[in-house]
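Undergrad: Listed here are the chains, written in short residue letters.
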Amino acid sequence: MSVTVSRLTRRFGPVLALREVELGVRQGEFVALLGPSGSGKTTLLRILAGLDFADAGTVEIDGEDMSAVPARARNIGFVFQNYALFRHMTVFENVAFGLRVRPRATRPPGAEITRRVRRLLERMQIGELERRLPEQISGGQRQRVALARALATEPRLLLLDEPFGALDAEVRKGLRRWLRELHAELGLTSLFVTHDQEEALELADRVAVMQAGQVAQFDSPAALVAQPANAFVAGFLGHAARLPARLAGDALHFDPLPLPPLPRTALLRGVAVEGAVLAFIRAHEWDIAPAVAGEGNAVVRSCRPAGGHTHVELDLGGYVIEAEAAHGLLNYGQPCLLRPRAARVFPA
Amino acid sequence: MTPPTAEPGWARALLIGGAALLLGLFLLLPLAAVFTEALRRGWAPAWQALSDPDAVAAVRLTLLVAAIAVPVNTLGGLAAAWCIAKFRFSGRALLLALIDLPFSVSPVISGLVWVLLFGAHGWLGPWLQEHDIQIVFAVPGLVLATIFVTFPFIARTLIPLMQEQGRAAEEAAATLGASGWQTFRRVTLPEIRWALLSGVLLCNARAMGEFGAVSVVSGHIRGETNTMPLHVEILYNEYQFAGAFAVAALLALLALVTLGAKTLLERGGTPRSLAA
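Protein chains in written order, with our numbering: chain A, 1 to 348; chain B, 1001 to 1276.
Bear in mind the hints are in silico, worked out from the structure with no lab data behind them.
Positions of the beta carbon are idealized from the N, C-alpha and C atoms, including for glycine.
You may find that some hints are simply not true.
[Stated by the list, open to error] Not the full set, but computed from the structure, chain B residues with beta-carbon under 8 Å of chain A:
#1 Gly1125
#2 Glu1164
#3 Ala1168
#4 Glu1171
#5 Ala1172
#6 Gly1177
#7 Ser1179
#8 Gln1182
#9 Val1187
#10 Ala1195
[As the list claims (entries may be wrong)] The calculated label-pair distances, taken between Cβ atoms and stated as ranges, are:
#11 Leu1075/B - Val69/A: 23 to 33 Å
#12 Thr1005/B - Arg7/A: 55 to 65 Å
#13 Gly1017/B - Phe12/A: 54 to 64 Å
#14 Gln1163/B - Leu329/A: 53 to 63 Å
Same shape as in the complex, but just chain B:
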C-alpha cells in the first residue's frame, strides 16, 4: 500500500534522478575536476607547487587571517546573537539587518569600504601615514575585510536556537544564585555549544576561502599579502595550471575537512548522545 502523500514511481524516479544529476553536475563534478587537474601530472609537480615559497606564504597568511577573524567573529557573533535573541530593545531590528549586511552587499564593496577608510586617499589615510600605520595592502586590511564578510555566519546560526531556548534557563540560574559569568559559562554556552561550533566551522571555511573583499584590499604582493584564493588566481592567470590547481585542491581540502567536522558534530551533537 502506498501512503496517501506518495507520488507515483516514475515521478519519484524523475525527481530523485534530477536532483542527483544537478548535485553531481554542479557540486561534485567541479570538486572532482579540481583534484584531477591538480594531480594530472602526478604528485611531484603538485607538491612542488605547494612548497614554492610564495605558496607557503599564501597558506600561512590564509591560516593567520582565519585564526584572527574566526575568534573575533565568535565573540562578536555570540554577543550579537545574545542581545537579539534574549532581549527586546529599540534598534533590535536594525541590528538584525546590520548582521545581514555582509551577506547582502557585494564582496567587492566589502573590500572597498576599507580602502575608502584606510587607503592613502581615504578618510583616515593621511593620519595613518603620519603615524606609519599600514592597514590597506597589508595583513590588517585582509583581517578586517575577512571579519566583515564572515560576521553573519556565527550570529545567524545562533539566533534561531537562542530565541527558541528563551531566557527561562538563565532566569532559573539567577534565582539559584549564579552570577552573570557563571550563568553564561554553565548554562548559556553549554546549551548552544553544538550550534556555536557549527557556526565557527562555517565561518572558518568562508574565512579561508574569501576572495572578493580580500582581493580589493590585498594589493597582491606575492609572499606578503596573497592569501590562497588570490594565489590561485595569480597562478592561473600566469598559465601555471598545475600549480593553480594544486593550491586550489589544498584549499578545497581544507574546506572539506571543515565541513566534514561540522557534519560529524551535528550528527554526534544531539543531546541524547551526551547522556553516556
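Same shape as in the complex, but just chain A:
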C-alpha cells in the first residue's frame, strides 16, 4: 500500500505537534520515523491509523482519502508501544480478536479462525504460548503476540510505535532482523517510530527524520549519513561533534578553539556564505596523535575498545570530542593533538 501525507497539521492546545508534514511512502517500503521525543512522530503514526485526527491536511492510502474513514474500517495493523494486549484474554484470544469481531458475513468460521491463529502463532515462534495470559509471558514474547494480533486481519499496512523500546539489547537485535524478514515475506508496507538512530538506519529502506513537527529529511540511510540536509539532521545522526566555526577565504577557521583551519576543499558539504557556521565532524574524521613537547590541544577523557579501533573521548577547550584511534595509541589523561580531516558545515 502506498501512503501519501500532504500538508498535515495537528495542534494540541498551543503546541503544534505536526506542521504541514509531507511524506510519501511507496508500496512495500520499510520506513522509519526517527526523531527526538516531542518531534511529532507518534502523532503522525496515530493519524495514519485513524486514532488521532489532523487539524488540516490529508492522508491518502492507495490514493484514497482517509479523513472520513474510522480506524476500525482502515484495516491497518498497529503495534502499540507497550503492546496494549488485552489483559484478560489468552494469547490465542488476543490474536483471534480481529477475526472474531468481524460482521457475520465476513467472519471466518470458528475452525478457520483457530487454524489461522495457530498458523500465525507458529510463524511468530510462540505456538506453545497460546493458552497463557499476557502477564505470564516475557516482553519479547508480548511483542510477538502484539505483532501476531496486528497481522491476523491481514493488513497490508503495518504501523509500529517504538516496537523495540521496552526490550533488552539482545532480544531487540534478534527481533529486528526477524521483523525485517517478516516485512519482506508478507509483502507489507511498514512504518515504525523510533528515537534510536541505529535501529532506524539498520532496519529501514528510508528514514524520515522528524524535527519539531516537520520532516527534516526523508532519505535512504546512506544518503542521510552522507548528505544531511540541515544542521539538525547532521547533529542527530552519526555522533558528530558540533563546533562553532567561521568560513573565510579558502578555509574553515575554528578560533578561538585551538584547531588548525580546514581547507574549503575538505568540506563534505559546503555553504556558499561566508561567516559564522556550525561545523559537524564525525568520530572517524579526526586525525589524532599523542602530543609531542607541549603541542597538544586536547586531553583524553576516556578510552574504550570498539571493534577494530579504540573509541576515545577528548576534551577540546571545553567541547567533548569523540574520535577513533588505533588500539593502544592513547591513554587516559594523555595530552594529544587533534586535527579535523573533513567537516560538514551549515549556516549557524
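Knowing the structure of chain A, use the given hints to seat chain B on it.
TA: Just chain B now, with coordinates in the frame of chain A:
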C-alpha cells in the same frame, strides 16, 4: 536478625494491640450487640417481629429501592467513570467534583432537595399535583434519594482503575476492526469487571442501609414508605426493642453478606486465577 525497618517488640505489641482493641470496640462489639439483642428472648419473638406485615413491607421496599437504584447507578457510574478516565474535556474537573458531591453533603440535604423540587410546595409540586403524580412521600422519592446518595460508589471505584489502564486497549480494539459496542463488551467491561462488581456490592450495601436522605422523603407511612432502617427507628422509638433489633440484625446480615461477597470476589478476582 530484625529487618532495619522493624520496631522493637513492645512497640509492635502496643500498636497491634491498640488497633485490635479499637476494631473490637468500635466495629465488632456493636455488631455483636445487635445480634445478641435481637435473639435475647430466643428465635420466636425475633421471627415474629420479622414476619409482622409492616416489617415484611419494609424489607420488600428496601429490596425494591436497591433493585432500582443499584442498576441505575451502575450504568451512570460506568458512564461517568468512562468519560473521566478515558477522555480529556473541559468541565472534567467539575464532573469529578459533582461525583463527590453526595459524599460531601449531609444526607439530610440529599433528601431535602427532592422535597424542595417535588414536594407540595416545591418548584414542580403544583404541576405534579395537577397530573396526579406522587414523588415525595412515595416510592419514587425514596428511589431518587437513594440514587443520589449512592451515586459515587461505582464511579469512584472505577475511575482509578480505568485511568491506570488507559485507552491503549480500546485503541487496539478499534484498529482491529471492533465497533464501539464490541470494544466495550469484549475489552473495556472484562478489564474492569471485578472492580465493577465490588463497586456494585458496596453501592448495594449502602442503598439498603441509607437512612438520612430516605428519612426526609419517606413520610414514614407504615407498610408503604418505610424502608428497613426507618422501620428500625420507628420500632425503637416505640420501645419495641426486640423487634427493632431483629430487623436491625437482618439489615446487618444483608450488609455482611454483601461485604463477604465483595471480599471473596476481590480475593478470587485477580487475573491469575482466571487462567484456569
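Undergrad: Each of the hints needs a verdict: does it hold here or not?
TA: To see whether the hints hold, each was checked on the structure:
no.: 1; hint: Gly1125; verdict: violated, 47 Å
no.: 2; hint: Glu1164; verdict: violated, 11 Å
no.: 3; hint: Ala1168; verdict: holds, 4 Å
no.: 4; hint: Glu1171; verdict: holds, 5 Å
no.: 5; hint: Ala1172; verdict: holds, 4 Å
no.: 6; hint: Gly1177; verdict: holds, 5 Å
no.: 7; hint: Ser1179; verdict: holds, 7 Å
no.: 8; hint: Gln1182; verdict: holds, 5 Å
no.: 9; hint: Val1187; verdict: holds, 6 Å
no.: 10; hint: Ala1195; verdict: violated, 12 Å
no.: 11; hint: Leu1075/B - Val69/A: 23 to 33 Å; verdict: holds, 31 Å
no.: 12; hint: Thr1005/B - Arg7/A: 55 to 65 Å; verdict: holds, 60 Å
no.: 13; hint: Gly1017/B - Phe12/A: 54 to 64 Å; verdict: holds, 56 Å
no.: 14; hint: Gln1163/B - Leu329/A: 53 to 63 Å; verdict: holds, 57 Å
Violated hints, listed in ascending order, are 1, 2, 10; each of the other numbered hints is respected by the structure.
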